[in-house]
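Please put together the full structure from these sequences, using the hints given.
Here the protein sequences line up with chains A and B, keeping their order.
Position 287, counted from 1, in the first sequence is what my numbering calls 287; the numbers after and before it change by one each time, with no gaps.
Position 151, counted from 1, in the second sequence is what my numbering calls 151; the numbers after and before it change by one each time, with no gaps.
In short, the hints are calculated from the structure, not lab data.
Predicted, not measured: the structure shown is a model, and the values here were computed from it.
Check the hints yourself; a few may be wrong.
Stated by the list, open to error - For each label pair, taking beta carbons as the anchor points, the in silico distance ranges come out as: (1) B:Glu217 / A:Lys312: 17 to 27 Å; (2) B:Val380 / A:Thr199: 36 to 46 Å; (3) B:Gly362 / A:Glu140: 26 to 36 Å; (4) A:Ala248 / B:Thr385: 38 to 48 Å; (5) B:Glu386 / A:Arg281: 52 to 62 Å; (6) B:Gln161 / A:Glu193: 49 to 59 Å; (7) B:Ser225 / A:Ser225: 52 to 62 Å.
Said to hold, decoys possible - Just a few of them, taken from the derived set where beta-carbon distance is under 8 Å, the chain B residues facing chain A: (8) Gly45; (9) Val68; (10) Val70; (11) Asn180; (12) Glu181; (13) Ser361.
Stated by the list, open to error - Straight-line distance between alpha carbons at most 16 Å, and here's what the computed EDC-like set of lysine to aspartate or glutamate pairs gives: (14) B:Lys394 / A:Asp201; (15) B:Lys246 / B:Asp435; (16) B:Lys246 / B:Glu143; (17) A:Lys52 / A:Glu140; (18) A:Lys73 / A:Asp201; (19) A:Lys52 / B:Asp239; (20) A:Lys312 / B:Glu143; (21) A:Lys208 / A:Glu140; (22) A:Lys280 / A:Asp327; (23) A:Lys312 / B:Asp239; (24) B:Lys44 / B:Asp435; (25) B:Lys394 / A:Asp125; (26) B:Lys251 / B:Glu143; (27) A:Lys35 / A:Asp228; (28) A:Lys355 / A:Asp429.
We put the CB at the ideal spot given by N, CA and C, even for glycine.
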Amino acid sequence: MIVLSKRLVSKRIFGACLFLFAFVITTPAAAIEIKRVVSPGGIEAWLVEDHKVPIIALEWAFEGAGASDPKGKEGLANLAARTLDEGAGPYDSQSFAARLQDNAIALGYDAGRDGFGGSLRTLSDRRDEAFELTRLSLAEPRFDAEAVERMRAAVLSSLRRDQADPNYVGRRLFYSTAYPGHPYGDEIRGTLESLPTITPDDLRGFVKNGFGRDRLVVAAAGDISPEDLGRALDHVFGGLPATSANAAIPDVEPKGLGETLVATRPTAQTVMLMGQTGLKRADPDWYAATVMNYVLGGGGFGSRLMEEVREKRGLSYGVYSYLIPMDHSALVMAGGNTVNAKAGQALDIMRQEWKRMADEGVTEEELADAKTYLTGSFPLQLGSTQAIAGILLQVKRDQLGIDYLDRRDAFINGVTQADVQRVAKRLLDPNRLLTVLVGRPEGVTATRTIDGGS
Amino acid sequence: MLPNGPTAPPPWKRPWRRLAAAGVLAFALAGATPAATPAFAAEKGVFFPETFTLSNGMQVVLVTNQRVPVVTHMVWYKVGAADEPRGVSGIAHFLEHLMFKGTEEVPPGAFSRIVAKNGGRDNAFTSWDYTAYFQNVARDRLELVMKMEADRMSNLRLTDQLVYPERDVIIEERRQRIENEPADRIGEQINATLYVHHPYGTPIIGWPQEMATLTREEAESFYKSWYAPNNAVLVVSGDVTAEELKPLAEKYYGSVAARPVPERVRVQEPPISAARRVILRDDEVRQPSIRRNWLAPSYRTDKEGYAYPLQVLSEIMSGGPTSRLYRSLVVEQRIATSAWLGYSPSSWDMTSLAAGASPASGVTMEKLEAALEADIRTLVEKGVTEEEVATAKKRMLAEAAYARDSLTGPAQTLGAAIATGQSIDDVENWPVRIDAVTADQVNAAARAVLGQTNHVTGLLLPLQDKGS
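And the structure:
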């Protein structure tokens with residue numbers, strides 16, 4: 001086993017530019033050519049064609065599918081995701097799994113907050129088998145009672161296991177407080193109470209209603225031509241219903257802002273989580289918020305939160321901030337862990353940094369550094385065939401346009417200090433944070449204490 | 001844990017089902033085939049690296065991959081937590097943190113800031129056998145990171161003001177990684193019990209009472225002893241050729257003077273004749289689990305030729321939903337919600353093979369343990385079939401084809417292999433050696449390792465065992 005870590009960053013720093021070569025970074029992302037493929041049957045996908053490795057990756061999503069499980073059936077979409085590859089068409093669970101394994105095909109599904117995702121990776125000489133098994137899993141999943149029971153037991157087991165994880169307890173408490181009565185407040189895997197009520201017929205109904213071509217978004221990468229991909233799209237997805245019947249999900253603002261909740265747990269450290277209303281992906285201020293977040297706590301070493309909490313005071317191994325854009329809400333969040341006795345101190349510093357950013361924005365130098373990082377590091381995400389397909393899918397789902405990778409740098413480089421100041425003032429208010437603490441924090445005034453957390 | 005850091009959950013809590021595809025290669029030497037060869041062929045060649053040695057003895061390994069104009073740059077030191085003097089556990093990992101505290105040319109904290117400013121990402125990690133530092137950057141920033149990494153190989157400058165706040169950070173790291181979660185606490189205890197005398201029983205991050213007393217002088221002493229170019233390996237993967245890399249490596253790393261480095265003297269385990277049990281009861285635990293570890297040979301200590309057969313065995317027992325343990329305990333008997341067996345041969349000294357499971361609802365731990373033992377006994381007594389071996393090998397070779405489709409994976413695999421005593425040739429021959437494994441060899445290895453009775457069993461239980 002490996003202890004991964006990383007340290008770093010103290011305060012003054014900066015004579016450091018002796019090693020800086022040039023400042024303008026070329027944009028390797030632009031080197032990637034994205035093709036728009038439309039199948040004979042009218043299904044669109046984006047493709048990065050690359051024949052250097054004999055691998056094909058396909059990523060897809062049904063927008064909105066499973067984003068709202070029926071009341072009392074929480075966990076339905078996730079259980080479907082776990083069970084779709086547990087037998088389909090003529091193959092029962094074991095023979096379906098054997099066909100995947102023997103051909104080194106990785107097929108998986110994932111129920112998300114705003115949609116239902118699928119993912120396929122295959123060697124190109126096994127692609128016919130891979131596409132056929134994928135088609136079967138979508139069109140003719142069996143949901144045999146044995147497989148459903150087995151997957152239900154596995155999900156229940158994972159839910160129980162997570163209850164020993166204070167990070168998980170903190171996340172659950174945060175979301176259930178911020179979004180009571182809304183699907184965003186529910187645990188996507190369901191609950192110990194809801195899971196036993198889900199039947200194979202519920203799963204069949206979910207697939208029938210949710211997997212329509214009107215909600216389908218597809219991206220591909222690797223060793224396949226546009227023509228072959230077009231044929232594959234029709235084969236895999238062509239038989240699905242034209243339209244789906246997903247429930248409409250209302251927009252929602254996070255609740256509980258200004259509250260400080262403490263869940264008492266007998267742990268050595270306090271887990272801290274705080275957040276308030278953020279920005280949706282389509283917001284014109286998105287890039288300014290991205291820069292702001294990088295400087296505040298999104299940049300790992302060198303961010304203000306890491307500098308103040310970890311480097312100067314040694315209070316924490318990790319402290320960070322991040323943006324969560326959702327289809328129907330948005331959050332700006334921060335979190336970290338610290339020894340119980342210092343929780344109050346760490347929390348005060350985090351709130352001070354929240355205020356400092358709102359009051360002062362970023363310096364010219366911080367702005368410049370954020371831009372070179374955010375533009376330069378992006379291509380590092382294109383490290384594998386599957387990663388490329390995954391990024392294409394995200395760009396497509398976010399409706400950013402097929403030329404987005406070429407334009408992304410300009411959006412980031414166009415951000416000004418005034419933009420960051422404006423968005424920081426708009427978003428960051430230390431008095432309106434929903435704060436959740438799990439552990440035995442000292443020096444914290446709770447507005448509500450929850451015994452035992454979960 | 002950091003947002004950008006690579007993470008690997010311990011096998012104890014690994015939900016293996018989702019890892020079925022990656023499982024074969026999770027620890028093992030990854031394999032891959034170039035575009036030209038059929039995907040399932042067992043031919044020599046995995047990453048097709050180039051290698052050369054600098055005049056000061058530093059080895060350089062390069063895997064060219066020109067898909068995207070980026071590179072992974074790694075320096076591996078052949079020293080880890082198991083090389084620490086007794087009483088200063090955690091010093092290897094502490095030094096890893098302190099390596100970011102600056103030199104004359106790169107002030108404290110500037111290293112990662114410069115990398116980030118240049119659009120790159122950097123990090124480091126420590127194991128029992130090695131310590132590695134890496135940066136992922138655009139190809140035109142390779143020279144920049146080489147210059148900085150070579151600089152801190154011999155010019156680290158530490159002060160008390162830099163060292164002691166960082167000691168608080170590693171203590172928080174320990175709390176976060178281990179003390180806050182019962183599953184990680186029992187993992188540490190199992191290790192400490194399995195290795196009675198060898199330093200693999202000491203946690204990499206250190207024991208808390210020793211971490212609290214680590215000093216600047218001890219870190220400097222460890223640095224001076226082990227951090228030398230002749231004890232390091234440079235591994236670069238990505239969009240760069242040997243013609244481009246060679247002059248840069250000579251210029252930056254080649255100018256660092258070689259120094260005498262201590263022999264790696266590790267104590268040997270004494271004969272252990274007793275089975276041992278470790279039980280952690282904690283009020284936080286809602287989902288109990290069991291795990292059993294047996295000592296096993298690593299590639300380097302493998303005198304009997306068990307390492308490759310044990311990898312095949314691991315695929316047969318645990319390589320996905322059709323594997324023996326999952327089929328038996330989860331699908332057929334419905335006694336467990338998960339079941340697994342894992343083996344990692346990349347280790348300087350011996351390693352371990354482990355199996356584990358979580359009970360299905362209403363199943364007692366006694367029943368689960370008996371069922372797990374029964375499957376192991378069946379394996380040892382009746383062995384595996386030729387067909388099982390053939391299928392497993394086919395799967396492993398096919399999975400191997402994916403390994404090259406990554407920027408960091410090849411560098412990780414090659415660096416870890418060399419730091420634990422393997423050669424590049426060993427890595428490149430992985431598919432051939434796996435393909436050569438026979439059922440008889442698998443059975444002999446299974447009997448030798450799983451037949452041992454001096455194993456360690458770990459039970460993670462709720463405070464009140466309600467018999468479920």
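Evaluation of the provided hints:
About 23 Å separates the C-beta atoms of B:Glu217 and A:Lys312, a value consistent with the hinted range of 17 to 27 Å. Range check, B:Val380 to A:Thr199: Cβ separation about 42 Å, and the 36 to 46 Å hint holds. The given range of 26 to 36 Å is respected by B:Gly362 and A:Glu140, whose C-beta atoms sit roughly 33 Å from each other. Distance hint for A:Ala248 and B:Thr385: a CB-CB separation of about 55 Å, inconsistent with the stated range 38 to 48 Å.
In this structure the supplied range 52 to 62 Å holds for B:Glu386 paired with A:Arg281, their Cβ-Cβ distance being about 55 Å. Between B:Gln161 and A:Glu193, the C-beta spacing of about 54 Å keeps the proposed range 49 to 59 Å intact. As the Cβ distance of B:Ser225 to A:Ser225 is approximately 57 Å, the hint placing it in 52 to 62 Å holds. This hint is violated: B:Gly45 has a C-beta 14 Å from the nearest C-beta of chain A, more than the 8 Å allowed.
About 5 Å separates the beta-carbon of B:Val68 from the nearest beta-carbon of chain A, less than 8 Å, and the hint is met. The closest approach between the C-beta of B:Val70 and any C-beta of chain A is roughly 5 Å, which is under the 8 Å cut-off, so the hint is satisfied. Annotation: B:Asn180 was flagged as interfacial toward chain A, and the flag holds, the nearest CB pair being 5 Å apart, inside 8 Å. Hint status for B:Glu181 relative to chain A: holds, with the closest Cβ pair at about 6 Å, below 8 Å.
Annotation: B:Ser361 was flagged as interfacial toward chain A, and the flag holds, the nearest CB pair being 7 Å apart, inside 8 Å. Of the supplied pair hints, the one linking B:Lys394 and A:Asp201 is violated, its CA atoms being roughly 37 Å apart against a limit of 16 Å. Using a Cα cut-off of 16 Å, the hinted pair B:Lys246 and B:Asp435 is violated, with the two alpha carbons roughly 35 Å apart. For the proposed pair B:Lys246 and B:Glu143, the alpha carbon gap of about 11 Å is at most 16 Å, so the pair holds.
Restraint check for A:Lys52 and A:Glu140: the C-alpha separation of about 34 Å exceeds 16 Å, so the hint is violated. About 12 Å separates the Cα atoms of A:Lys73 and A:Asp201, which keeps this hinted pair within 16 Å; it holds. Proposed proximity of A:Lys52 and B:Asp239 is supported: the alpha carbons are some 13 Å apart, at most 16 Å. For the suggested pair A:Lys312 and B:Glu143, the alpha carbons sit about 31 Å apart, so the restraint of at most 16 Å is broken.
Between A:Lys208 and A:Glu140 the alpha-carbon distance is near 10 Å, which keeps this suggested pair within the 16 Å criterion. At most 16 Å may separate the alpha-carbon atoms for a hinted pair to count; A:Lys280 and A:Asp327 meet this at roughly 7 Å. Using a Cα cut-off of 16 Å, the hinted pair A:Lys312 and B:Asp239 is violated, with the two alpha carbons roughly 38 Å apart. A C-alpha spacing of about 10 Å is found between B:Lys44 and B:Asp435, which places the hinted pair at or below 16 Å, so the restraint holds.
Pair hint B:Lys394 plus A:Asp125 holds up; C-alpha atoms about 15 Å apart against a cutoff of 16 Å. The suggested pairing of B:Lys251 with B:Glu143 holds, with an alpha-carbon distance near 10 Å, which does not exceed 16 Å. With a C-alpha separation of about 13 Å, the suggested pairing of A:Lys35 with A:Asp228 holds against the 16 Å cut-off. Taken as a hint, the A:Lys355 and A:Asp429 pair is honoured in the structure, with Cα atoms around 7 Å apart against an allowance of 16 Å.
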